[in-house]
Amino acid sequence: MNWLAKLPDALAHRLGRAPVPPSANARLTRERVYILPTAAGLLSALTVLLILLASINYGLGLGFALSFLLAGIGVVTLVLTYRNLAGLHVRACDAAPVFCGTPAAFIVDLHDGSGAARHALEVRARLQGAASLADPYVDVPAHAERQCLVRVDAPARGTLTLPALRVSTTFPLGLFRAWSDLDLAARCTVYPRPEPRPPPLASAPGLAPGIARTSGDDFAGLRDYVPGDAPAHIAWTALARGSGLVTRRFQAEPAGQIWLRWHSVSPQLETEQALMRLTRWILDLATEDRAFGLDVPGCLRAPGRGRAHVHACLCALACFGRRQ
Amino acid sequence: MADEVSLTGQLAPGPGHRSRSRADTPESGGSAARLSHALAQINDIVLGKERQVKLCLACILAGGHLLIEDVPGVGKTTLAQALARSLGLSFQRIQFTSDLLPADVVGVSIFDQLSGGFRFRPGPVFAQILLADEINRATPKAQSALLEAMEERQVTVDGETRALPEPFFVIATQNPATQAGTFALPESQLDRFLMRIQLGYPDARAERALLRGEDRRDAMRRLHGRLSAADILALQRQVREIHASEALLDYVQALVARTRRPGRFVAGLSPRSTVNLLQAARAWAHLDGRGFVLPEDIQNVLPGVAGHRLQPIDATGERAQEESISALIAEVPLP
Amino acid sequence: MSSAATLRTGAVYSLLGAMAALIVPHTPRLPDWLMLTVLAFLLWQSLATALRWKPLSRWLLAGMSVAATAAVVISFGPVPDREGSVVLLVLMAGLKCLELRSVRDAHVATLLGHFLIVTHFLYSQTALLAAFLALILLWLVATGVAFQDRNRTLPPVRILRTAAVIAGSALPLAALLFLLFPRVQGPLFGDAATPGRATTGLGDAMSPGDIVDLGLSDEVAFRVDFDAVGVGAHEMYWRGPVLWDFDGRTWRAGRRANPPATVRAGRRETGYRVTLEPHGRRWMFALDVPAAAPAGAVLGADLLLRAQHPIRTRTRYVVRSLLDYRVGLEESEHVLRRALRLPPDANPRTVALGTLLRTRSGDGHGVLAEVLSMFRQQPFHYTLAPPALGRDSVDEFLFDTRRGFCEHYASAFAVIMRAAGVPARIVTGYQGGEYNNVGNYLVVRQSHAHAWVEVWLPDQGWRRVDPTAAVAPGRVETGSALPWRDQDASRARDTGGWPSWIDARQVLDHLTRSWNDWVLDYSAERQRGLLRYVGLSDAGWPRLAALLAAAVAPAVAALAALRLRHRPALRADRVDRAYARFCSKLERVGCARRPHEGPYDFARRIAMTRPALSVPVDQITLAYVGLRYAHAAPVSAAGLEALVRAFAPRRVLRQSGARY
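Chains as they are written, first to last, in our numbering: chain S, 445 to 768; chain H, 15 to 349; chain C, 106 to 765.
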C-alpha cells in the first residue's frame with residue numbers, strides 16, 4: 445500500500461494549491477482538508493461490492509439492505525472523518541533550545557472552536573528525519589485545547605524551523621484518512637553540541653588569572669562557624685569579645701570575572717570544534733553559577749550570571765557565522 | 015481613571031459590588047474615598063499615566079514592592095515620590111551609588127562613649143516607604159542588603175534581628191540593564207518585587223501640559239498624605255477578601271501553565287509569582303470597586319507582575335517582553 | 106501499524122463476542138466439529154488477550170488456513186456449494202480471530218463478520234433475525250470505533266453513541282439506495298436457489314396421517330389478494346396435486362401424465378394474486394379451476410399449475426380462476442379406466458360395499474348421494490387424532506374406527522366410488538384460508554391442507570365432492586381446519602373488534618407480508634411500480650442512476666451540513682452555555698468576541714461600536730459575571746437564560762437605524 449500512502453502528496457501536488465505562507469497558527473478551513481479512503485476503506489468497499497453481488501445472485505433482500513447500510517456507513521464515516529479535522533485551530537510554539545544532536549520538541553496546540561469533540565488526531569512532521577512519538581494521537585474535547593509534541597532532529601546548530609506538519613485522522617472507523625498539511629512558523633535555537641571531553645577551563649591560554657578563586661577579599665559580614673572553615677577566616681576579634689566562633693564572609697570582586705574569548709580557542713581549533721568547546725565551558729561555568737563574559741566576533745557580552753545570560757551566550761555561539 | 019469611569023458608568027454595579035468590598039467596617043468607606051483622593055492627587059503630578067499609577071497603587075494594596083524601570087528623565091522618581099507622599103506614610107529615600115555599603119541601608123552599631131556599649135543607629139530602611147533610587151547602580155552586596163529586608167521585613171545587624179515598621183514598602187527605580195555602569199539585579203532578587211512598571215514617554219498632550227505647567231518639585235511639596243498607615247492596612251485586608259471564583263482560578267492556572275511551556279520564556283512563573291498575580295488582580299478589582307476578580311483584572315496586571323519575571327528566549331528588540339506577554343494573553347481563551 | 110500489545114483489549118473481547126454471536130446461530134446447520142473448532146479459536150484468542158500470551162506465529166496460522174481450505178475442498182469439492190462456502194467463511198473468520206495483532210487485522214475480521222451476516226440470510230430472512238443481525242452490525246461498528254479510539258479515552262457509552270450516530274445517519278441513505286439503486290434480476294452465476302429451506306407442504310403422495318401432520322403446522326403456505334370479493338368459503342378449494350394411483354394405503358400421483366382435459370367455462374370467474382412461499386416442488390396453487398397459466402408456468406393435465414423449476418424462492422403470480430365450469434366432459438376411455446383402478450386384494454369390505462351400492466342405486470348420482478348420506482348419518486367423527494390404521498386402511502376406517510381426518514374420508518370415498526364403478530380421483534390442496542382484516546388478504550396456512558375427491562359423471566364431467574364437508578360442515582364453512590380453531594374463529598367474528606389474540610396475529614402476519622414485499626422481495630419490477638406510483642414511468646438504468654444521484658446528493662449534503670455546523674451549545678455549564686449563545690448572537694451582527702476577551706472588555710467594546718446595544722449587553726454581562734465570577738449574582742442562571750433569549754441584537758440595531 446505504498447502508493448496509497450504517497451497518494452495524498454501526489455494529489456496535493458497535482459492540484460497545485462498555492463502553499464499557505466507560514467504563520468504561527470492556522471485554522472484548518474474546509475479547503476485545506478483533504479480526504480481519501482485508506483487501504484481498509486478500499487477493502488471495505490470491495491466487501492460491500494461482494495455482498496451486493498451475492499445479494500443480486502441469491503436474491504437476498506436483506507443482503508441488499510446490508511450492503512446499502514454499509515455503503516451508507518461509509519458515506520457517514522467520510523463526513524465524520526472530515527468533520528473530525530475541519531475547523532480545527534492549530535498553533536505551534538517555539539521550542540525550548542536544544543543542543544545539536546538532540547531532538548527539538550515543538551509543542552503544537554490543537555484547539556477546537558466549533559463545539560465538536562475530536563478524536564485520535566495524528567500530528568507528524570513531514571520531514572524525513574522527523575522522529576515520531578510513541579503515541580502521537582491527540583484527543584481534543586469540544587471547546588478545549590490540547591497539546592502534542594512533535595520531535596524534530598536538530599542536526600546542525602543555528603535556528604531550526606518547524607518542518608511542515610501533517611495533521612491527520614482516520615476516526616471514527618478508519619475507512620478514510622483526512623489530512624491537512626501545515627507550514628507553521630515556529631523556531632528552535634540549536635546550541636552547538638558541547639564538547640565531550642574538553643581540556644579544563646583554567647588551562648586555556650589567554651584567560652584572566654584567578655579564575656579558580658572561590659572567595660574574594662572584600663569583607664561581607666559574619667556568619668556562624670561551620671567546621672571546615674579556613675582558620676584564616678575565623679573572626680578572632682569577635683571570639684575575643686565573647687560572641688563565640690564566627691567566620692568572616694568574603695565576597696568575590698568583579699575583578700575575578702572570567703572572560704571566554706574567541707581568540708583563546710580559535711587558532712588551534714576548527715570553528716565548530718571551538719564552538720563546541722566554548723559551549724562546554726559555558727555549561728560548566730553555569731553549573732558552578734559563576735559570572736563570565738563572552739567575547740566572540742560579532743558578539744560581546746558583559747560578564748553575568750543566570751539563565752538568561754547563559755542562554756544569550758549560547759545563542760551567540762549557535763548563530764555564530766550564521767546571523768541573518 | 016478614564017477606564018473605570020466608562021465601566022462604572024455603563025455597567026451599573028449589581029448588589030454586592032462596591033458595597034461588599036467597601037462597607038465591611040465603618041471606617042473602610044472613608045478609606046476608599048481617601049484612596050481615590052490619593053489617586054487623583056498622584057495623577058495631577060504624573061500626567062497621562064493613569065494606568066501605570068493605578069498599577070502602582072494596586073501593587074501597594076496587594077502589599078508588594080514596586081520596581082519602576084525606564085530610561086532617565088521620564089519621571090520615575092517623581093512618580094515614586096508622589097506615591098510615597100500621597101500615601102501619608104513615613105518615607106525615606108536612598109540614592110544608590112556604586113560605593114554604597116550595606117550599612118548605609120540597614121544601619122550600623124556604633125560604640126556609645128556615654129553608655130560604654132554598642133548602640134544601633136537605624137538606617138533609612140526603617141521607614142514605611144523606602145524609595146530606592148537607581149537600585150541597579152549599587153554593587154550586588156548593597157543590593158542584597160536591601161533585598162533581604164524586603165523579603166524578611168526585618169533586618170539583622172550584628173546578630174540582632176530588628177523588625178521593620180508596618181506597612182513596609184520598597185519603591186525602587188532603575189535604569190534599563192543596557193545602560194552603562196549598572197549591576198543588573200539577579201533573577202532571584204527581581205522576583206521580590208511584586209511588580210515592575212515601565213513608564214514610557216508621555217503622550218503629546220501630557221507632555222504639553224508638562225511644558226506649560228509649574229515645576230513638578232513645587233507641586234510635589236504641596237502634596238499631603240491622603241491616607242494613613244491604618245488605612246493602608248485596612249485596604250490590604252479588604253483586598254485579601256476579594257472573591258476569586260473557580261472559573262477565574264482556572265483561567266489563572268491556564269495562563270501560568272502557558273508561561274511554563276518551554277520555548278517562549280527562559281523560565282515560567284513560579285507558584286509564588288502566581289499567588290502574587292492573583293493578589294495584584296484582587297487589588298486591581300478593588301480599585302475598580304468590584305468585590306470579585308475578573309479575567310480582565312488578571313490581564314491588566316499581568317504585564318506588571320510577569321514582565322520582570324519572564325525572560326523571552328528570543329529577546330530581540332526593546333518591546334519583546336511586552337509583546338510576548340500580550341501574545342501570551344491572546345493565546346489563552348477564556349473558559 | 107500498532108502491535109498486538111496496543112490493541113485495546115476491551116475492543117478485542119467485543120469483536121470476539123460479536124463473532125461468536127454471528128457463528129453460534131449456525132450451529133444447527135453446520136457440522137459440530139466446525140463449531141467446536143471455531144469456538145475454541147475464539148476462546149483461545151480471548152484467553153490470549155487476557156493473559157497476554159504471545160501471538161501465534163504467522164506460519165502456523167498460514168498452515169492452518171491452507172489446511173482449512175483443503176478440508177473444505179475435500180468435503181465439498183473444488184467449487185464449494187453454499188454450505189461449503191459458509192463453512193469456509195466461518196473457518197476463515199475463526200482463523201482471523203486468532204490473528205488479532207493490529208488494527209488492520211481487526212478490520213479484516215470485522216469485514217469477515219459482515220460476510221457472516223450475509224450467510225445467515227441464505228437460511229432465513231425474517232424480521233426478527235434482521236433485527237438481531239442489525240444489533241450485531243451496530244456492535245461491530247462500535248468495535249470499529251473502539252479500535253480507532255487510539256488513546257482509549259472514550260468510555261463505552263460514548264463509543265456506543267458514536268456507533269449509533271453512524272448507523273442512524275446511514276439509515277436514510279441506505280433506505281434511498283435500497284429504493285432507488287437499479288435492481289438486477291439474479292442470478293448472475295451458478296445455481297441461485299436459496300438452499301436449506303425446509304420443503305414443507307403437500308407431497309405427491311398421500312397416506313393416512315400425512316395431512317394431519319400438516320394440519321398441526323402454522324406455517325404460511327401462501328397469501329392471496331383478491332381483485333374483488335365474492336368467492337364464498339365453500340368455493341375456496343386451492344387445487345394441488347391430483348392423485349390417481351392407490352395401493353390400498355397410499356395414493357400417488359403416478360408418473361404417467363394424462364392428456365389435457367377440456368374445460369368449458371361458465372360465467373363466474375375471479376382474478377387474484379398469489380404469493381407462494383417456497384415449498385421445493387413445482388406446483389403452484391390456484392383456486393379450482395385455473396383458467397390459464399401465468400407467465401413461467403404451464404397448466405397441466407389435471408388442471409394443476411406447474412412452474413418450470415421447483416419453487417425455491419417466494420413466488421408471486423396473478424391467476425384467473427373459473428368458478429363455474431365443466432371439466433373433462435369428453436374424457437378419454439383410457440383416463441377413466443385409470444380412475445377406476447383398485448388394488449386387487451386390498452380393502453375387500455369396502456369394495457364389497459361399493460359393488461352393493463352400484464347395484465342398488467344404478468348410476469353415479471345415486472351412489473354419490475347414498476355414500477354422502479352414509480357419512481352424514483352414521484357415527485363418523487372428524488378428528489385431528491385419528492387412530493392408527495393397518496394395511497387395509499379404508500376397511501378399518503369405514504367399518505371399525507370411523508374416526509378420521511380429511512384424507513381418511515377422501516380416500517374412503519374415492520375407493521367406494523371406484524368400487525361402485527364411478528371414476529374418482531383424489532385432489533389435494535388447501536381449503537379455505539384465514540382472512541386478514543388488517544391487510545385485506547387471505548392467508549392460507551399448512552393447517553388448511555385438505556384432500557377431496559373428484560368423481561366423473563357422464564353429464565357433468567369431473568365434479569368436486571368433499572366428503573369431509575358431510576361429516577364436519579363447519580370445516581368447509583369457516584375454512585378452518587381444526588375443530589378448536591373453529592371456536593376461536595367464530596369468537597373472533599363475534600367480537601368483531603381488535604382485541605382478541607387473533608387480531609394481534611393478523612397484525613403480525615400483515616407486518617411479515619409487508620416485510621416480504623418491501624424488503625425481501627423488492628425487485629426490479631417492484632421498483633418500477635414504485636417509480637410509476639410517484640410519477641416516473643418506466644425508468645431505465647441511466648434515468649434511475651440520475652434519480653439516485655439526485656436523491657442521495659442532497660441527503661449527503663444535509664448530513665454534512667448537520668454534522669459540520671458550528672455548535673456553541675455543547676458546553677456543559679448552563680451559565681457558560683447561555684453566555685456562548687449571547688456571544689454567537691452578537692457574532693451574527695458582526696461583533697465576535699475574541700477568545701481571550703473578558704466579559705467587561707467585550708461589553709465595553711460593544712458599547713463603543715454599537716451604542717444601541719449597550720443596555721441589554723450590560724445587563725447580560727452583569728448577570729453573567731455575577732454568576733460566573735462573583736459569589737452573589739443579581740439574577741439566577743434561569744434569569745440569565747431568559748435575558749439571553751430575549752436579546753435580539755439584530756432587531757435592536759434595525760430599530761435604532763444603525764448599520765451593521
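Hints in this document: simulated from the structure, not taken from any laboratory.
Hints should not be assumed to be uniformly reliable.
As the list claims (entries may be wrong) - Some, not all, of what chain S presents toward chain H, calculated at C-beta under 7 Å:
(1) 537
(2) 538
(3) 539
(4) 540
(5) 551
(6) 750
(7) 751
(8) 752
(9) 755
Ideal Cβ placement from N, Cα and C applies to all residues, glycine included.
Structure-inconsistent hints, enumerated in ascending order: Violated: none.
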